[in-house]
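Next come the chains, spelled out residue by residue.
There are 2 protein chains.
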Amino acid sequence: MKLNKQIAFAVLMSCLLTTPASAQAAAQVLPTPHTVSPELQQLIAAKPLPYWNDHPKNNNEWKAWVNNVGQEATKRLPALREHLGVSVTQGKIGGVPIFTFTPQNLPQANQDRILLNLHGGGYVLGAGESGTQEAVLMAGIGKYKVVYVDYRMAPNFPYPAAIDDAISVYRELLKKTPAEKIGVFGTSTGGGMSLILALRAKAEGLPLPAAIAAGTPWTDMSKTGDSYFTNEGVDNVLVSYDGWLGDAARLYAGGHNLKDPMLSPVYGDVSGFPPTLLTSGTRDLFLSNTVRMHLKLREAGVPADLVVFEGMSHAQYHMNPNASETKFHFTELEHFFNRYLH
Amino acid sequence: MKLNKQIAFAVLMSCLLTTPASAQAAAQVLPTPHTVSPELQQLIAAKPLPYWNDHPKNNNEWKAWVNNVGQEATKRLPALREHLGVSVTQGKIGGVPIFTFTPQNLPQANQDRILLNLHGGGYVLGAGESGTQEAVLMAGIGKYKVVYVDYRMAPNFPYPAAIDDAISVYRELLKKTPAEKIGVFGTSTGGGMSLILALRAKAEGLPLPAAIAAGTPWTDMSKTGDSYFTNEGVDNVLVSYDGWLGDAARLYAGGHNLKDPMLSPVYGDVSGFPPTLLTSGTRDLFLSNTVRMHLKLREAGVPADLVVFEGMSHAQYHMNPNASETKFHFTELEHFFNRYLH
Chain E
0 MKLNKQIAFA
10 VLMSCLLTTP
20 ASAQAAAQVL
30 PTPHTVSPEL
40 QQLIAAKPLP
50 YWNDHPKNNN
60 EWKAWVNNVG
70 QEATKRLPAL
80 REHLGVSVTQ
90 GKIGGVPIFT
100 FTPQNLPQAN
110 QDRILLNLHG
120 GGYVLGAGES
130 GTQEAVLMAG
140 IGKYKVVYVD
150 YRMAPNFPYP
160 AAIDDAISVY
170 RELLKKTPAE
180 KIGVFGTSTG
190 GGMSLILALR
200 AKAEGLPLPA
210 AIAAGTPWTD
220 MSKTGDSYFT
230 NEGVDNVLVS
240 YDGWLGDAAR
250 LYAGGHNLKD
260 PMLSPVYGDV
270 SGFPPTLLTS
280 GTRDLFLSNT
290 VRMHLKLREA
300 GVPADLVVFE
310 GMSHAQYHMN
320 PNASETKFHF
330 TELEHFFNRY
340 LH
Chain A
0 MKLNKQIAFA
10 VLMSCLLTTP
20 ASAQAAAQVL
30 PTPHTVSPEL
40 QQLIAAKPLP
50 YWNDHPKNNN
60 EWKAWVNNVG
70 QEATKRLPAL
80 REHLGVSVTQ
90 GKIGGVPIFT
100 FTPQNLPQAN
110 QDRILLNLHG
120 GGYVLGAGES
130 GTQEAVLMAG
140 IGKYKVVYVD
150 YRMAPNFPYP
160 AAIDDAISVY
170 RELLKKTPAE
180 KIGVFGTSTG
190 GGMSLILALR
200 AKAEGLPLPA
210 AIAAGTPWTD
220 MSKTGDSYFT
230 NEGVDNVLVS
240 YDGWLGDAAR
250 LYAGGHNLKD
260 PMLSPVYGDV
270 SGFPPTLLTS
280 GTRDLFLSNT
290 VRMHLKLREA
300 GVPADLVVFE
310 GMSHAQYHMN
320 PNASETKFHF
330 TELEHFFNRY
340 LH
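So the sequences go chain by chain: E and A.
With numbering that gives the first Met the number 0, letter number 270 in the first sequence gets 269, and the count goes up by one each step, no holes.
With numbering that gives the first Met the number 0, letter number 243 in the second sequence gets 242, and the count goes up by one each step, no holes.
Excised from the complex, chain E in its bound form:
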């Protein structure tokens, strides 16, 4: 019980001193597992992201905050593309801005296959190029052509702007590429949107994509799900629903019920869904978002696979390109799409 007493002490101190919230203290006294790659160990041992508990008060503050966080993410992208031999073009599909990422040596089998990528960021982060790291890694490691949707977001464009844009791109892609050659993937908000896209496609009578890879998907935007509590302060990326995350949920929902399946796909009817691969980590605040969706899919008879990384907080499988877990993850996605795309 030594550990919990340490946590208690650290938490108590932080309460008494009214310094950083208790969650930070908890994460920092847990030992870092040594059975994962050195790169992942470094991510696990890191302090909680400095902005997790920011609470922008109005639209201007949100925009300033988003710019600030986004700039950091964008800096490393040109080098990453070069390192992985991935080229990028910008354009529009169905009126929506997109980026297309293409690997140097696109395998013959993937010439006419497309992966649609929906980025993460709580419907506020990831605008423009800043959310493209996952798309670049998938193109570079998985050797697929990736169409990345630069969808509209809060605060300017609340629900359903983001998913409207995603479905517009998907609908347009279908005109030239049959659904059985299209896979959809994304992480966090993008994982949730990948699932919502399938719900929307069903609702609109569109053919469903051949396969979905939903990484630690935001399947319940209300604070429902066990790991919102058990991994609060254990996850060093999101840290807590009660940081910027919950604010962003309400900002994007704009008064809509957070449990509407078009916001929280875990409440949707998933019958007839294509094969789905879900990914999370043992420390992930979204572990329950992931496993609840996985169980729901399996109950509905959908072939649904789950991978949970040891010691990993939210979405860390795409944060360090050099981690063996990153390579493993995108290779899993490659095999998954190879298996299910026509």
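Think of the hints as simulated: they come from the structure by calculation, not from any bench.
Incorrect hints may appear among the rest.
For the chain E half of the interface with chain A, some residues (derived, Cβ under 10 Å), not all of them [stated by the list, open to error]:
hint, residue
1, Q41
2, I43
3, S287
It should be emphasised that the depicted structure is a prediction, and the values quoted were computed from it without experimental measurement.
For glycine and all other residues, C-beta sits at the position ideal for the given N, C-alpha and C.
We have chain E; now place chain A onto it with these hints.
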């Protein structure tokens, strides 16, 4: 951060009062998820098992403790067998005592298939009939003939007695039933042993079973694995490695290195393993034992599936026969074995 402050307060109080260990306090202030079955909610909301922090000091104390815990487990078994229409016979195979469980309506396809069951209990609990609940549920729900191994355990019979007995039964079964018609399953220690059995079979040149279902398997008997720390005091079944569990590990190992693959199969060479299904829960102290093994199997190219139950502590999928999760779990196992057994 309200929750962590509550935990901090509860932990602080328990430290100050030097009453029950902090782990108990932590588990009890976490809200119970309402998205799982009422039966599982009840298991989640329950106080930690009263004996989790017992520390028998010598062989006689261990035996008294084991008898005490075992009696409780055995009481409900006759009614469960009757309810599920499962008959039982006792016997010996290869000199090892076994129970055979047969469902009333054994499907034609399963007439000559056998599932070998290795029970849980930290190599100290589950002797005789007391460890048979999982075997009965699999026979009754999954409609398979189940051979349950009543293997020798600590303190009288330390390593390698238990796995020696398991391999003796398996070797004998092979004389009449080809390996492609044999599946192996078990939970906790029994999950670990199911994996060790495959390692032993490889080492001894025996054909491997057709499929393995390892429920929340004890794949690392040393205190290595992130959820030994993150889920300490969150899991209300095992609660902590530092309760009876760690003592039992050392008792059975009898001085052997706890990281020997024949004790901790996560360190073994799993190449060539048959398809494997692993199961855990978000609150499970053995979540890392489970996902580390899952990742290792997938890295080795073994078809390995993972199911993680929402809100579940260690092995609660076989504790209440009326929970929908129990039915789901054993139906998953049924489909899994149907798929991979000849």
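Checked hints:
About 15 Å separates the beta-carbon of Q41/E from the nearest beta-carbon of chain A, more than 10 Å, and the hint is not met. Evaluation of the I43/E hint against chain A yields a held restraint, the C-beta minimum of about 8 Å falling below 10 Å. For S287/E, the suggested interface contact is upheld, since its CB lies about 6 Å from the closest CB of chain A, less than 10 Å.
The structure fails hint 1 only (numbered hints given earlier).
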